[in-house]
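Sequences and hints are given; from them, build the entire structure.
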Amino acid sequence: MPKKVRGVLTIREDLCKQCGLCVSVCPVHILDFSKTKINSKGYRPIELTDPDKCVGCAFCAMMCPEGVIDVYREIVEVAE
Amino acid sequence: MGEKVFMKGNEALGEAAVRSGCRLFFGYPITPASELAEYMAYRLPQVGGVFIQAESEVAASNMIYGAGAAGKYAMTASSSPGVSLMQEAISYMAGAEVPAVIINLIRGGPGLGDIQPAQSDYFQAVKGGGHGDYRNLVYAPSTLQEAVDLMPMLFQNAFKYRMLAMMVVDGLVGQMMEAVEFKYDIDPDSIPVPDWALSGKKMHGGKKNVNTSLELDPNKLAEHNFKLFEKYQKVYENERMFEAFELEEPDIDVMIVAYGTAARIIKTAVKNLRAKGYKVGLFRPITLWPFPDKELKEYAEKTEHILTVEMSMGQLIEDVKLSIFDPNKKYHLMPYPGGIVPTPKEVEDKVIEILKGGAK
Amino acid sequence: MGNLQVVYEVPKIYTGPNHYCPGCFHGIIHRVIAEILQEEGWDDISIGIAPVGCAVLAYDYIDIDWFEAPHGRACANATGIKWAWPDRLVFTYQGDGDAASIGFAETSYAAVRGVNITTIMVNNAVYGMTGGQMAPTTLVGMKTTTSPYGRDPKYAGYPVKMAEHIAQFEGTALSVRVSAFDPQHVLDMKKWIKKAFQYQMEGKGYTFIEVVSTCPTNWRMDPVKAAEFVKNEMIKVYPLGVYKDVGEEKKEG
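Chains as they are written, first to last, in our numbering: chain E, 1 to 80; chain W, 81 to 440; chain H, 441 to 693.
Bear in mind the hints are in silico, worked out from the structure with no lab data behind them.
Just so you know, these numbers come straight off a predicted model, no measurement behind them.
Misleading hints may appear alongside valid ones.
Which residues of chain H face chain E? A few of them, derived with a C-beta cut under 7 Å, are [unchecked claim]:
#1 447
#2 448
#3 453
#4 454
#5 569
Straight-line alpha carbon distances no greater than 27 Å define the calculated DSS-like cross-link-like pairs of lysine-lysine that follow [what the hints assert, rightly or not]:
#6 E/35 <-> H/665
#7 W/287 <-> W/263
#8 H/665 <-> E/41
#9 W/401 <-> W/377
We treat Cβ as the ideally placed atom computed from N, Cα and C, and that holds for glycine.
Here you go:
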């Protein structure tokens, strides 16, 4: 099976202040504010809308003022 | 060490600081203190120390604040208008409990004033020219030798109690030339760096130190103030210093209260009056804060007349009255503003006038 | 299942949560400083000087020794600390009011003397903490609480260009203006702050990094629009670039 690189994120939801900087810089537009969760400060934390599309560029982590995001890469097998 | 050297006051004060272990001086020129800075500029490089001419007294006082927070002996010297500019840093150092030494060679004021000796920064030093509730250690030596002898105590007590130690002398002491003896020479490497100092995490077990005077929680700030005043109470109990000169009898005609150079002149007046048969003595505070109020009150029991001689308009006399706290005694004042220095004869005439019943 | 390769991890010495407004660049700059200090192992010998301003509590957010300075005095305090411990990494972190208004003399003299400290000045054209008053770097025509009709040069003069000002002094080793409005600029900012720290450790002189930043709250903009305002408007008045570099590399931002 062919393989591809996929980004994997750790998101510290309680630190997110819903500033939107990460959302605005994601090149594959897969970050958005949660429609269901509210964190302890009253913000809607970010979440991945389509985790499979994450390329692990870390633009989101670089922009985040709060240190919400850690970024990893893994090699996964993809279906044809 | 041990031999007498004939030196200019400002230079002797500088040498005293160096021999107390101080290797950092940050200063700004001002008459009559400039020679102290000049001496440090010359002397410190000789002993591996650092002299920086700051861009203002605001900057100089903030530099000693930084160096003190970093746990090192640091000093600045200035005169009245410059010390006014230092009040911000003085308040911050009190709140953040940072030790340092400031020497104020007081000159006539207010405002730009003149460059003659005065004692008119008493309130500024003792009652706080800076904002907030705080106290500084304030030492007022009477002679150059006494100033030199006291210098190590300023640095050591500043670090022991984590507060500012100020030496106030009138400008005369800085300018006069006298023989002094240096009885000490402390190696700065023998001075330990405190645990609380900002020296980098690796110097204190990997845990960060924060030095701040900010406390936004009013309950905690109140607690901090009470803690500071518990400290000041300990200082008051342990560090009061004074001299009682010719005050042995149980019954004294007039007790004179004076400090600094004025006190030195009063001693001559006292000797002259004693020779004429008057029972007159001098109570000389050496620490202006903590003020030896208890001791002053004890000696005041011996007399009805207390004459305060100060090179200011009535600052010391307030603490004299507050210490004695007896409305039945007579409090007399000889104010000497503008840089005028009292003469023994003027004081003798005043004492005689008081005892004749005519004076106020 | 593949194994996870680390691309980016938030530095351990960046300790939150912090009190900054959503989207404020303070968080980005603090995080980048923490990255550098942790990566290079400099956190053990660093002493930061916090300002009066929104970053007054910076000492809670990076795990190093910190000093709280009176408003504007950070460079004087840092001079005292650096001469107490010449081999430590000493940096001031200041706003535009702190470094360029009340602290103008102290900041300038750090450059005059070439003291081996680093200043990071956060320029967001406004006094944030006190509620949005005019700053030395407020743009002409910009409305603030003390310039309600827009900054009028007749009374208030013109914006202060600190990176250019600091670059003129012989004691300055590095004076650079950067920003953090997109990931590329964040990486560039990191490179220059790291170089500033490196120059300090090499004893090259005073290093100064001006970061053009946002104040979403007092600009009355959402964080993304505020970042765009930096990119489209602020940069016109405060061009990014290297204004002095005593090292070899010279490059326009």
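How the hints compare with the structure:
no.	hint	verdict
1	447	4 Å, holds
2	448	4 Å, holds
3	453	11 Å, violated
4	454	5 Å, holds
5	569	17 Å, violated
6	E/35 <-> H/665	22 Å, holds
7	W/287 <-> W/263	40 Å, violated
8	H/665 <-> E/41	23 Å, holds
9	W/401 <-> W/377	9 Å, holds
Hints 3, 5 and 7 from the list above are not met by this structure, while the remaining hints are.
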